[in-house]
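Counting from 764, one number per residue, gives the positions in the sequence shown under this note's numbering.
Treat the hints with care, as some may be off.
[Claimed, not checked] Across the chosen pairs, the derived CB separations fall in these ranges:
#: 1; residue 1: ARG893; residue 2: VAL1008; range: 28 to 36 Å
#: 2; residue 1: ASP992; residue 2: LEU864; range: 29 to 37 Å
#: 3; residue 1: GLU961; residue 2: ALA788; range: 15 to 23 Å
#: 4; residue 1: ASP958; residue 2: GLY1006; range: 31 to 39 Å
#: 5; residue 1: SER994; residue 2: GLY920; range: 21 to 29 Å
#: 6; residue 1: ASP869; residue 2: ARG893; range: 33 to 41 Å
#: 7; residue 1: ARG974; residue 2: THR828; range: 38 to 46 Å
#: 8; residue 1: LEU864; residue 2: SER994; range: 41 to 49 Å
[Stated by the list, open to error] Calculated cross-link-like contacts (lysine to aspartate or glutamate; reagent style EDC-like; alpha-carbon spacing at most 20 Å):
#: 9; residue 1: LYS767; residue 2: GLU838
#: 10; residue 1: LYS767; residue 2: GLU811
#: 11; residue 1: LYS767; residue 2: ASP789
#: 12; residue 1: LYS767; residue 2: ASP826
#: 13; residue 1: LYS973; residue 2: ASP958
#: 14; residue 1: LYS767; residue 2: ASP992
#: 15; residue 1: LYS973; residue 2: ASP992
#: 16; residue 1: LYS767; residue 2: GLU813
By construction, these hints were calculated from the structure, which means they are not laboratory data.
These numbers come from a predicted model, not from an experiment.
All C-beta atoms, glycine included, are put in the ideal place defined by N, C-alpha and C.
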Amino acid sequence: MHQKVAIVTGAGGALGRATALRLGADGFAIGALGRPSDELAETVSQLEAEGVAARMLEADLRDATAIEAAILGTEREFGPVEALVNNAAIYPSTPFLEIGLGEYDDVVTVNQRAYFYAAQVAARGMVVRRSGAIVNIGSITWNGGWSNLASYVSTKGAAVSLTRALARELGEFGIRVNAVSPGAFPTKAEEINGDAAEYSAHVIEHQALKRRGADAELAAVVSFLVGPDSSFVTGQTINVDGGWVMS
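Generate the whole structure from the sequences, applying the supplied hints.
Set out below in structure tokens:
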């Protein structure tokens, strides 16, 4: 029986898990893609506990062959992939003058090349069916810089640029491509910012909404962008940041 199928990369992380759970609740079978980890297994376990058909796709996003195998394997098991959420990212915190090319290449491979290639593999099937939705997760950091994150910030800007290029090129096939740029959600990523309470106060000071965001609030926007209510929306970037960046 045909069912809606979505793949979420980085599904073991907080935002990836929230997205996978929301899309599962929306009726998608979920391919949870990421490096083997207890967190990824927990995401699949939670999906299955909710009655969602789920598959753990163990793949290092540095490995293009593994990305392709994961997507095609999901299609064989569940059916055509109708939604892809490129969410996985790494974010080493290093002063620009100290970033080695090895570290830079690693960030670009995971945060940029993997987005490109996963979208390419998924889109081949979407083109044949003349429908599909791709969401690339960016970051508000690309709007205004951010110290010690030059590699990460540059790849998040690339995610937005890729979104626009693919929206333009794939639109004639009925494929919609959008981006979501999260603000500072309270995830493990915040460990790079030092004292948690101090950083939380810093975030709230800069936001228009004076509270921290919940993972489910980001997932709700992704749900909108892959669902029928956004059928005439493509090439857009939505900041989900409590009003930190307004542009």
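message: Of the numbered hints stated earlier in the document, which are not met by this structure?
response: Of the numbered hints, 2, 3, 4, 12, 15 do not hold.
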